[in-house]
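Q: Chains A and B are the protein sequences, given in the same order. Mind the numbering: the first sequence is residues 0 to 318 in numbering that gives the first Met the number 0, read in order. Mind the numbering: the second sequence is residues 0 to 500 in numbering that gives the first Met the number 0, read in order.
Treat each hint with caution, since some may be false.
[Said to hold, decoys possible] Chain A stretches covered by chain B per the calculated footprint, using a threshold of three residues with CB under 8 Å from any CB of chain B:
(1) 15 to 26
(2) 287 to 297
[To be verified] In silico negatives: residues of chain A with every beta carbon more than 10 Å from chain B:
(3) W5
(4) E8
(5) Q30
(6) Y34
(7) V54
(8) R77
(9) F150
(10) D258
(11) N269
(12) S300
[What the hints assert, rightly or not] The calculated lysine-lysine pairs, modelled on DSS-like cross-linking and capped at a C-alpha distance of 25 Å, are:
(13) B:K4 <-> A:K212
(14) A:K212 <-> B:K494
(15) A:K212 <-> B:K433
(16) B:K328 <-> A:K19
(17) A:K19 <-> B:K494
(18) B:K433 <-> A:K27
(19) B:K491 <-> A:K1
(20) B:K491 <-> A:K212
(21) A:K91 <-> B:K328
Treat the hints as calculated values from the structure; they're not laboratory data. The C-beta atom is built at its ideal place from N, Cα and C for all residues, glycine as well.
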Amino acid sequence: MKNYAWPWELRRNGVLNMNKRNIDYIGKYNQRKFYKRVDDKLITKQLALANDIAVPDLIGVVEEQHKINEIPQMVLGRTGFVIKPAKGSGGKGILVITHVENGRYYKPNGDEVTPNEVYRHVSNILSGLFSLGGIPDVGLVEGLIEFDPVFDGFSYEGVPDIRLIVFKGYPVMGMLRCSTAASDGKANLHQGAVGVGLDIATGKSLYAVQFDKPVLTHPDTNYELSQIQVPNWDVLLHTASSAYEMCELGYLGTDMVLDKVRGPLLLELNARPGLAIQTANGKGILGRLKHVEGLKGPTLSVEERVAYAKKHFCSNPNF
Amino acid sequence: MHSRKPFFIFVALLFISGITASIYRSIEHNVPFFPGEQVQSWSVEAKVMFNGINKPAEASLSLPQDPAFDVLAENATSAGYGLNISEGDDRRAVWSIREASGGQSLYYRVTLVPTGQLKVDADEEPATPEPYLWQVTERGAAEQIINQVWERSASNISYAQQLMDVINNSNQSQNLALLLSVNSRTQLFLQMLQSKGVPAKQVSGLMLEDQRRRQQLNPYVQVYQDGEWILFDVENNKQGRPDNLVLWQHNGMSVLDVIGGSNSQVNFSMLQETRSALATSIDMMMNTDSLDFSLYQLPLEEQSTFKGILLIPIGVLVVVFLRVIIGIKTSGTFMPVLIALAFIQTTLLTGLIGFLLIVAFGLMIRSYLSQLNLLLISRISAVIIVVIFIIGLFTLISYKLGLSEGLTITFFPMIILAWTIERMSILWEEEGPKSVFMSGGGSLFVATLAYLAMSNSWIQHWVFNFLGIHLVILALVLVMGQYTGYRLTELKRFKPLAEEK
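Bound conformation, chain A alone (with noise of 0.2 Å):
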């Protein structure tokens, strides 16, 4: 029994489990007919945009197998971009090419990646491999993000993304994912990515975990975790907090990344965030989301959440 908690440790220190998750919140606040304005890409953008909230710019959609062809006049004179599709989840399916060198491509670690490649993620992309359930689907051409160098040193080949949990417009748990070689520059925690748990008051580092266990420096770079102080932190909350007016949903994930110019730029919406958030910040988010349930009154504001989440879900570092 020595690596099994019993259920009532989980459930005094709040955490929340699969199923609750399932039962109690996305399938309680979260209605059905929503859901497409964060499982299309091409969607969430579109509303971001008229919501006023920064995204990366948008290229070019791709919806016809015969427009992967105008894909290399779309991105000519740029340095990088990304292919995403737009109905992917768990970050499946995106292709980021951060150098383009006389109509070669290659990807963050080198590779390049031929013409034919390309060709075929998209018409990946384009029958629905990525998709859920298999549906048809349309690739996006965006930007590449200049990322803010302030992370530099805490992430391997690939960016950290912030991850909020917003729940009924206030942003409950926030993290940091950093990408590592074991995760093979993905943000994803199952892969071997950093968790970071941030500060909802502060934007500082509370906590990390690899694999579920903590750590105090990043594996490849070794450095401090304890040090991580996201700028902007303020706006960043402020975007999260105003997705929920923009989508609807009650329990929301949202998946920022800073750019060097721009600043925070909402990358995703996620309707059915993961549990791994908790493990990152060391606490169970159950108390958080009860707090918030129990609040009654009128509607807040955007400002009036932010500051109401930041005077009650702050905590203490615990590395």
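Based on the hints, put chain B in the right spot on chain A.
A: Showing chain B alone in chain A's frame:
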């Protein structure tokens, strides 16, 4: 938030009706709860003999009618005779022939299955019988005994018990000795009951004992009390009925009537047989043409299809349990159930090996296809065709090698396999071989457990014979769909969060 009460009431109703339907089936149709169960049945042969006197002859034999035994099969054969079985309260077999001469033998065979229902209920209260008219010589003695016993009794039954005791008392009074000199014990018992207006009737019964021949029917008396006929065996001074007694004739008619013959007699021989309880109850259902919902009414081919289909809920239940309660990840939600269905045809080991071979070869071919830059649809189609090739090749090789197990590989659902190969190949490219082994292994593990549940002979018996079980499964699946507790794997995953803060 709306109340969950109606939901739980609904689930409870499903559960209760499922259990009730199953219990009803087992009681009403004697469908056994365990597949190998055996029941004892009795094969009884009645042989009617008489001497023909060169005239038209008609022999009428009463047939058993007893709630304690169901008639599974009966036939009456005798060469040259016409036969008519009359139904109704008094079932009789009537043989007839234009001319009979010399010794005649007629046979009636019946297979009886005990139902365990030994009580004989009276549909309506019998009329109070006319008081028996005693012979002048007997009247005094009889009345003296009757009155003495009547004084000491409280009810029909206690009166009958006391009477039987007196009749069988070894220190007989002179009165009784006189009466018994002209009457049999049974007759005397019946007459004495009727003298006091107690409804009673004489019945004929056959004691079933294995491998007995030339048995006769014995006389018994049924005494009425409180809607029930209670049996008395006066000759042996016993009350109540043993479970190996068949009531052959119970409404006072004769057992055998022969017109146009002499020296008629009937004797019985019997044999105990052991049959499968299930086969017996199926035969019974077929016999009675019961309109109850039973899949045995379907043609054999459809039956065997349904035997497979009805296992799916069990596999689904296993998958729901392993995913919701335990938290095992599988590739494709119900792929494990389909694989398990294939395992049932191939057996587990052959199935596992076959699955791994096909997927491994498929992945190799698929890695070549991925270089060809095909559209997804045509690539999957190509994989399907290749899977068929692989299956054909393995079947052929195993046939040449004389491995008959290999031939069952054709039972794998090919489209499912092709999709599995495609998904795993993508998983391999995106997340590496480790993920492929994890999700593939999880699926095979779940499929194996589902197979073990689905191939269990008890479960196969239950899901086909007790359709109510499926309502219970539905209820369980619905309840698990409301489970908000921790999955077993989450107890490990969130272990770091369990520490006291």
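Q: Against each hint, give a clear statement of whether it holds in the structure.
A: Results of checking the hints against the structure:
Coverage of a stretch by a chain is defined here by at least three residues with a beta carbon nearer than 8 Å to that chain's beta carbons; for the region 15 to 26 of chain A and chain B the count is 6, and the condition holds. For a cut-off of 8 Å, the count of residues in the region 287 to 297 of chain A with a CB near a CB of chain B stands at 0, and the three-residue condition is violated. At roughly 7 Å, the least C-beta separation between W5 of chain A and chain B is not larger than 10 Å, which violates its mark as non-interface. The beta carbon of E8 of chain A sits about 4 Å from the closest Cβ of chain B, which is not more than 10 Å, so the claim that it is off the interface is violated.
The Cβ of Q30 of chain A lies farther than 10 Å from every Cβ of chain B, with a closest approach of about 15 Å, so its non-interface assignment holds. Against the 10 Å criterion, Y34 of chain A stays outside the reach of chain B, whose nearest CB is about 18 Å from its own CB. With a closest Cβ-Cβ approach of about 25 Å to chain B, V54 of chain A is found to remain outside the 10 Å limit, as its non-interface label requires. Listed as outside the interface, R77 of chain A is consistent with that label: its C-beta sits roughly 24 Å from the nearest C-beta of chain B, beyond the 10 Å cut-off.
Non-interface call for F150 of chain A relative to chain B: holds, since the shortest CB-CB distance, roughly 24 Å, exceeds 10 Å. For D258 of chain A, the requirement that its beta carbon stay farther than 10 Å from each beta carbon of chain B is met, with the minimum near 26 Å. Non-interface status of N269 of chain A relative to chain B is upheld: no Cβ of that chain comes within 10 Å, the nearest being about 19 Å off. Once the 10 Å rule is applied to beta carbons, S300 of chain A is consistent with being away from chain B; the minimum gap is 26 Å.
Between K4 of chain B and K212 of chain A, the direct Cα distance comes to roughly 42 Å. Violation of the 25 Å bound is thereby established for this hinted pair. Annotation: proposed proximity of K212 of chain A to K494 of chain B holds, straight-line Cα distance about 10 Å (limit 25 Å). For the hint pairing K212 of chain A with K433 of chain B, the CA-to-CA distance comes to about 20 Å; that is within 25 Å, so the pair holds. For a cut-off of 25 Å, the pair hint linking K328 of chain B to K19 of chain A stands: about 17 Å separates their Cα positions.
Under the criterion of a C-alpha separation no larger than 25 Å, the hint pairing K19 of chain A with K494 of chain B is consistent with the structure, at around 17 Å. This hinted pair does not check out: K433 of chain B and K27 of chain A have alpha carbons roughly 35 Å apart, beyond 25 Å. Proposed proximity of K491 of chain B and K1 of chain A is supported: the alpha carbons are some 9 Å apart, at most 25 Å. Restraint check: the Cα-Cα separation between K491 of chain B and K212 of chain A comes to about 12 Å, which is no more than 25 Å; the hinted pair holds.
As the CA atoms of K91 of chain A and K328 of chain B are separated by approximately 18 Å, the hinted pair is consistent with the 25 Å bound.
The structure does not agree with the numbered hints 2, 3, 4, 13, 18 stated previously, though it agrees with the rest.
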